[in-house]
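Chains as they are written, first to last, in the numbering used here: chain A, 1 to 112; chain B, 113 to 229.
Because the hints were derived from the structure by calculation, they are not lab data.
Be aware that one or more of the hints could be misleading.
To be verified - With a straight-line Cα cutoff of 16 Å, these simulated EDC-like cross-link-like pairs (lysine to aspartate or glutamate) come out:
1) A/Lys-71 - A/Asp-84
2) B/Lys-153 - A/Asp-39
3) A/Lys-63 - A/Asp-39
4) B/Lys-178 - B/Asp-200
5) B/Lys-126 - B/Glu-175
6) B/Lys-153 - A/Glu-9
7) A/Lys-71 - A/Glu-5
8) A/Lys-59 - A/Asp-84
9) B/Lys-153 - A/Glu-5
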Amino acid sequence: SQKIEQNSEALNIQEGKTATLTCNYTNYSPAYLQWYRQDPGRGPVFLLLIRENEKEKRKERLKVTFDTTLKQSLFHITASQPADSATYLCACSGAGSYQLTFGKGTKLSVIP
Amino acid sequence: GAVVSQHPSRVICKSGTSVKIECRSLDFQATTMFWYRQFPKQSLMLMATSNEGSKATYEQGVEKDKFLINHASLTLSTLTVTSAHPEDSSFYICSAFSGDGRHYEQYFGPGTRLTVT
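Chain A on its own, in the form it takes in the complex (with noise of 0.2 Å):
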C-alpha cells in the first residue's frame, strides 16, 4: 500500500539556520507533492506544491525539491525563526485524484 514517511518525528534547530524536512514515498507515484504547515490544535496551512515534472519550487524562505529517482521530497526553510515551530506536513496525490495521502508529520522546534 501506498506509504509516506517523514523520518523525523521532530526536529530541534537554532534560529537562524536553514531547516531541512524529510519526505519520502513507497509504493507510490505521485503527481504531486504538497506540504503544509499545522499549528497545535489548529488545520494545515497550504504552503506550497510541486509537481513530478518539476525539480524545485521557492517561495519566499521555503523551497521544496522533489526527486523522483530517490522517490524523496526535501522541505527547506532558510534563516529560520521562532515563529517557524510548528508541525510540517508533507501530503501526495496521483494524477488525476485530488485525495491526499498525508505522512505523520515533523514537529519543528527553532531555538531562539
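Got chain A; can you put chain B on it based on the hints?
For chain B alone, kept in the frame of chain A given last:
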C-alpha cells in the same frame, strides 16, 4: 489563500447523542470538500470525499451510517456523528477544494475537537 471556517471549534457530548459539524468555504466555491480525522501525534486520515449535490464517498473502514455527510451547496458541507461513542473523540478537520483543474491544493478549516463522555 482561501478561507474555510468550521463550527463548532470544540464540542463535548454524551455517549449516544449526535453532533453536527459545519464546514464553510467563505470566499470561493468548493466543488469538493474532504473530511479528515486526526488522533494525537497521528497523520490526518481521510474519512470521506463530499461533492456538491451528490452522495459522499467514504474511505474503507468509515461507517457511512455513523458519519453522515451532506454537501448541500458549493460553500457548505456538514458532518454529523450519530450515536457518538468515546472512541469517536478526535479532531475533525474539513478541507475545501476548488476543482477548477488548475489548483490542486486544499484549504483546511481550523478543526473541531470532539469529546464524547
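Hints and how they fare:
Note on A/Lys-71 and A/Asp-84: the hinted pairing is violated, with a Cα-Cα distance of about 26 Å set against a maximum of 16 Å. For the proposed pair B/Lys-153 and A/Asp-39, the alpha carbon gap of about 12 Å is at most 16 Å, so the pair holds. Restraint check for A/Lys-63 and A/Asp-39: the C-alpha separation of about 20 Å exceeds 16 Å, so the hint is violated. The suggested pairing of B/Lys-178 with B/Asp-200 holds, with an alpha-carbon distance near 10 Å, which does not exceed 16 Å.
Between B/Lys-126 and B/Glu-175, the direct Cα distance comes to roughly 20 Å. Violation of the 16 Å bound is thereby established for this hinted pair. Straight-line distance between C-alpha atoms of B/Lys-153 and A/Glu-9 comes to about 9 Å, which keeps the hinted pair within the 16 Å bound. Restraint check for A/Lys-71 and A/Glu-5: the C-alpha separation of about 11 Å stays at or below 16 Å, so the hint holds. About 14 Å separates the Cα atoms of A/Lys-59 and A/Asp-84, which keeps this hinted pair within 16 Å; it holds.
A C-alpha spacing of about 14 Å is found between B/Lys-153 and A/Glu-5, which places the hinted pair at or below 16 Å, so the restraint holds.
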